[in-house]
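Protein chains in written order, with our numbering: chain A, 1 to 208; chain B, 1 to 608.
Since the hints were made in silico from the structure, they are not lab data.
A few of these clues could be false.
[What the hints assert, rightly or not] Incomplete in silico selection of chain B near chain A, CB under 7 angstroms: (1) Trp122; (2) Thr125; (3) Thr367; (4) Asn371; (5) His391; (6) Asn394; (7) Leu397; (8) Leu401; (9) Ser402; (10) Asn403; (11) Arg409; (12) Ala435; (13) Gly436; (14) Leu474; (15) His476.
[To be verified] Distance ranges between label pairs, derived from CB positions: (16) Asn48(A) - Val429(B): 35 to 45 angstroms; (17) Gly519(B) - Thr145(A): 25 to 35 angstroms; (18) Gly31(A) - Lys433(B): 30 to 40 angstroms; (19) Pro15(A) - Asp419(B): 16 to 26 angstroms; (20) Glu437(B) - Ala132(A): 45 to 55 angstroms; (21) Ala132(A) - Asp432(B): 43 to 53 angstroms; (22) Ala72(A) - Lys448(B): 45 to 55 angstroms.
[Unchecked claim] Subject to a maximum C-alpha distance of 30 angstroms in a straight line, what follows is the list of computed DSS-like cross-link-like pairs (lysine-lysine): (23) Lys97(A) - Lys115(A); (24) Lys583(B) - Lys318(B); (25) Lys33(A) - Lys583(B); (26) Lys467(B) - Lys33(A); (27) Lys553(B) - Lys583(B); (28) Lys162(A) - Lys185(A).
Note that the Cβ used here is the ideal one computed from N, Cα and C, for glycine as well.
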Amino acid sequence: MSHIKQTVFIVDDDPAVLKGLSRLLNSAGLGVKTFPSSQDFLNYFIPNTPGCLVLDVAMPGLNGLELQKTLAAKGSAIPIIFLTGHGDIPMSVRAMKGGALDFLTKPVNDDELLKAVHIALEKDRRALRARAEVAEMQQRLATLTPREREVMVHVVSGQLNKQTAADLGTVEKTIKVHRARVMEKMKVHSVAELVRLAEKVRIGKHLD
Amino acid sequence: MSWVTIIWSMTASACLTLALVNFLIWCRQRSTWANLLFALMAVATAAIAGFELAMMRAVTLESFGLALRWLHVPAWVIVVSLAWFVRLYLNAGRGWLLWSICGLHTISLILNFLLGQSLNYWEITRLRHIPFLGESVSVADGVLNHWMLVGQASFLMLLIFVVDATAAAWWHGDRRRALVVGSSVAFFVFAATGEATLALWHVIQWPIVASLPALVMVGAMSLELSRDAQRAGQLAGELRETEQRMILATEAAGLGIWIRDMAGNGIWASDRWRELFGFTKTEPLDFERFLQRLHPDDREEVRAAMEKAVAGTGHYKKEYRVMLPDGGLRWISARGRIEFNGDGRPVLARGTATDITERKRSEQEITHQRNVMTHLSRISTVNELSTSLAHELNQPLTAILSNAQAAQRFLAQDAADLDNLREILTDIVAQDKRAGEIIRRLRLLLKKGEVQQQPLDINEVVQEALKLVRSDLLNHGAAAHAALAPGLPAVTADRVQILQVLLNLVMNACDAMAGRPAGDRRVILSTESADGGGVCISIADKGTGIAPDHLEKIFEPFFTTKTQGMGLGLSVCRTIVAVHGGKLWATNNLDRGATFHVTLPIATETNP
Chain A
1 MSHIKQTVFI VDDDPAVLKG LSRLLNSAGL GVKTFPSSQD FLNYFIPNTP
51 GCLVLDVAMP GLNGLELQKT LAAKGSAIPI IFLTGHGDIP MSVRAMKGGA
101 LDFLTKPVND DELLKAVHIA LEKDRRALRA RAEVAEMQQR LATLTPRERE
151 VMVHVVSGQL NKQTAADLGT VEKTIKVHRA RVMEKMKVHS VAELVRLAEK
201 VRIGKHLD
Chain B
1 MSWVTIIWSM TASACLTLAL VNFLIWCRQR STWANLLFAL MAVATAAIAG
51 FELAMMRAVT LESFGLALRW LHVPAWVIVV SLAWFVRLYL NAGRGWLLWS
101 ICGLHTISLI LNFLLGQSLN YWEITRLRHI PFLGESVSVA DGVLNHWMLV
151 GQASFLMLLI FVVDATAAAW WHGDRRRALV VGSSVAFFVF AATGEATLAL
201 WHVIQWPIVA SLPALVMVGA MSLELSRDAQ RAGQLAGELR ETEQRMILAT
251 EAAGLGIWIR DMAGNGIWAS DRWRELFGFT KTEPLDFERF LQRLHPDDRE
301 EVRAAMEKAV AGTGHYKKEY RVMLPDGGLR WISARGRIEF NGDGRPVLAR
351 GTATDITERK RSEQEITHQR NVMTHLSRIS TVNELSTSLA HELNQPLTAI
401 LSNAQAAQRF LAQDAADLDN LREILTDIVA QDKRAGEIIR RLRLLLKKGE
451 VQQQPLDINE VVQEALKLVR SDLLNHGAAA HAALAPGLPA VTADRVQILQ
501 VLLNLVMNAC DAMAGRPAGD RRVILSTESA DGGGVCISIA DKGTGIAPDH
551 LEKIFEPFFT TKTQGMGLGL SVCRTIVAVH GGKLWATNNL DRGATFHVTL
601 PIATETNP
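If we strip away everything but chain A, and leave its shape as in the complex, we get:
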């Protein structure tokens, strides 16, 4: 699962900077793809492509912050590392609020950049894994009957079988059977495990 191919995307209007950064990342064994403008990147990029984005703030046309906003609007969660010539505070605050992973000042040191890129890639990997897990859980959830879902909601909310039975207007024994079926279908062995899983897919909210 950890061997999906990830790409570091770099967007900067300065060709010399693009070339230098791309060499540096290559030297660390990373796959790189460079773009001279935000628009070029947008034309190429498909959301959820694995990787991270190293983005210059000041560019003619669409600048870095505007690109960040556009990507967010498209539902992309790609981690972004900003590069800037002069990181003034209001700008970095805006970037971080927009979900930027880091905000580095040019000229950037290799360790600093690589560390940030690795963190970003790790975050992207984790997000990918999380997305895969959620998808798996959604699949398991889909196998539950409506009654079993109701029982599951009660279980993860921490209610006893007796209370659940009373709420659903049935007997404790029936609830026990449903509960066993839920555990089986969701492939968990304990209530604690079921609760954690439900949290991941936010099942409580979903079923409310």
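Using the hints provided, position chain B relative to the given structure of chain A.
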């Protein structure tokens, strides 16, 4: 003594006296040819008087005939010198007529000696005695010589010539002279020829008395000539007065006067001039000594200016420094004129010198202050740009650092790719140069150097300005476009100062557009030929424009509509452009925003 003797001898002596006076005048001043001619006329009149007296007193036919024949010699002298006198004195009269008179009368003189007993008589038969002025005088009877008409024709031509010359002089405005000379000559010709003709034909019983009208004429002319002498005396007096006044005026104005002998190189100078140049009153002066007194840097220029004046217009004008013997320095403004002789060779140079040290000092002070002001303003501009320039510098530094660190990492790996490393090093060198270029540009802007006027390609300066503001524009979310006319003439200007003006104007344009949507923040820099020679640079923005009553005010010092800034940028810009002989003004665009226009004159030789 008889009346005839008294009158004729007095006539002769009066004429001789006048002749002597005028001859002496001519001796003193050889250019007064009119006086010499007059003297000749007067002598001839005296001679005629003598011959007439001899004729009246003649007792034999031979002595009468001889006197009459020789009388034509002074008569010829009178006619010829009279014609030339009129020509010279009135500065009029037709040349061909003049020569005809001389020729015709010379012929009549030759005939006088060749034919008959004289021009008048073919043969004198007898002498008669008639009463004249209370005594008996001799007149002749005989056969008249008809060749006499040649002489009379020349007199008629003389009359025509004189009338014509008089009329011409009258029209030229020399009326008094024309009237006196013309009327007296006309009177003489009429009276002398008339009386002689009447007497020869015995219409009147008179001897020939041509010397009397000649005396009248000589007297009238002499009065006129003496008036000239009197006027010359008066002029000399006035000239002395004017000279005194001029000396007074030059002294009051502190002007030193100098005259240079172009052949001998010697210089005469007034006391004031000597004082200005630190020479004593008696020290001998020449051009080399004068040059030695000048500041070494100015010597060649002064020499060249003088040579140029000699070779060209004859006008000399120069400002230079004098090193005084006491170690002081004095600024002098000198001007003069070269005088040439008839061959166009320079003879004299004369002129004045003034002390302009005070003026120069205040000029230098003003220039210095203006330069300080300009430099301060430029520093403030660079300060505004500094963040952007730092960013600009960060680009090559980023490229260099990442390339270098990439190379280090490649080297740490086992199989280093040498080609790759070579490429990296090439890029590092290029980026290093790029950074150096940015620093050079910055240093140029901050330098507090002498103003250097040199021929500039204005399009190049515009490109340079755009490079400098690139990052600033980016930060403002603005874009700049250049629309440069090709093949513009060079302007003479200080590169840094013009750059400063353009930077200011572009940065102002950016500020003016801060409130506009990002896509609309555009500055257009265009260059074109200006009307009437020169180059025009326009900086147009799409900002808020300028309130109509502020269009001029924005150029006043300390006027600002911004919350930051001293309000000096535009006033300094206008000063810079004005010092370059150009103009800076603002207009509002028809659609949106404002345009600033800069005109600069094109480079010329005389432009310093």
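* Taking the least C-beta to C-beta distance, is leucine 397(B) closer than 7 angstroms to chain A? -> 4 angstroms, holds
* To do: Below or equal to 30 angstroms on CA atoms is what counts here, so check lysine 553(B) against lysine 583(B).
  => 15 angstroms, holds
* **Hint consistency between lysine 467(B) and lysine 33(A) [alpha-carbon to alpha-carbon, up to 30 angstroms]** => Given that 30 angstroms is the threshold and the Cα spacing comes to 28 angstroms, the pair holds.
* Beta-carbon spacing of proline 15(A) to aspartate 419(B) - inside the hinted bounds 16 to 26 angstroms or not -> 20 angstroms, holds
* To do: May I ask you to test the hint 30 to 40 angstroms on the CB atoms belonging to glycine 31(A) and lysine 433(B)?
  => Check passed, 31 angstroms falls within 30 to 40 angstroms.
* Does the Cβ-Cβ separation between alanine 132(A) and aspartate 432(B) fall within 43 to 53 angstroms? -> 47 angstroms Cβ-Cβ, so the 43 to 53 angstroms window holds.
* Taking the least C-beta to C-beta distance, is leucine 474(B) closer than 7 angstroms to chain A? -> Holds: closest Cβ of chain A sits about 5 angstroms from leucine 474(B), inside 7 angstroms.
* **Hint consistency between lysine 33(A) and lysine 583(B) [alpha-carbon to alpha-carbon, up to 30 angstroms]** => 52 angstroms, violated
* alanine 132(A) and glutamate 437(B) - C-beta distance against the hinted 45 to 55 angstroms -> Since glutamate 437(B) and alanine 132(A) have Cβ atoms about 51 angstroms apart, the given range 45 to 55 angstroms holds.
* How about tryptophan 122(B): closest beta carbon in chain A under 7 angstroms, or not? -> 124 angstroms, violated
* Asked: Was the hint right that asparagine 403(B) lines chain A, CB cutoff 7 angstroms?
  -> 4 angstroms, holds
* Asked: Is the shortest C-beta separation between histidine 476(B) and chain A less than 7 angstroms?
  -> 10 angstroms, violated
Hints 1, 2, 3, 4, 12, 13, 15, 17, 25, counting from the list given before, are not met by this structure.
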